[in-house]
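Engineer: With the hints as extra help, turn the sequences into a complete structure.
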Amino acid sequence: GAGVSQSPSNKVTEKGKDVELRCDPISGHTALYWYRQRLGQGLEFLIYFQGNSAPDKSGLPSDRFSAERTGESVSTLTIQRTQQEDSAVYLCASSLLGGLYGYTFGSGTRLTVV
Amino acid sequence: SQQGEEDPQALSIQEGENATMNCSYKTSINNLQWYRQNSGRGLVHLILIRSNEREKHSGRLRVTLDTSKKSSSLLITASRAADTASYFCATDEGYGQNFVFGPGTRLSVLP
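Here the protein sequences line up with chains A and B, keeping their order. Add 623 to the 1-based position in the first sequence for the numbering used here, that's all there is to it. Add 296 to the 1-based position in the second sequence for the numbering used here, that's all there is to it.
Keep in mind the hints are simulated off the structure, nothing from the lab. Heads up, the beta-carbon is just placed ideally off N, CA and C, and yes, glycines get one too. Errors might be hidden in some of the hints.
Sample of chain A residues at the chain B side, in silico, Cβ under 8 Å [claimed, not checked]: (1) Gly-665; (2) Gly-725; (3) Ser-730.
Structural biologist: Rendered as structure tokens:
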């Protein structure tokens, strides 16, 4: 597609429920990234996929968080047993060559845990 | 680990004035990027500067990089109300690695 697409754009969920966030990167972009941004704060790195290499999961805050990517296409970020502190905007970005030409970001999913 | 850190945290100027934001980082980098974010959603890539470059221009934007001081600056000349946004620097920690973002500078351009 023309840009990075994320869905849903907004999600309200009850504490304890699981949620799944989706990211469709730009076709041909080998690298895909997930970031979390709490209100008024900077971006917190979560996970990075590069081609068929093992993902860099070093930013995942707990084992409730996991992500998958099918080949060089769609990625899903799953948060199990959501907590109120998980409330944030989750941003996905894709790029060529590990970001050396810049990242293209999606519009994000705003997650609210009530 | 947080790499880049922007300064100031917030900046308010009048339309037509220049805005300067700074970014400091801790370890050696290969590349540094600047991004703009409107309304807390997706970020837009502005400019990338490589470690062997000292200055780059793009329209009203000028980015400098001083690797000896581990710092970069973003200058927006002749600012407009539409430049109101948060600006982030991002640095890489190695070739092919993810970029780490700083907390950002919130710029307000008053008409």
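Engineer: Checking against the hints above, which ones are violated?
Structural biologist: none
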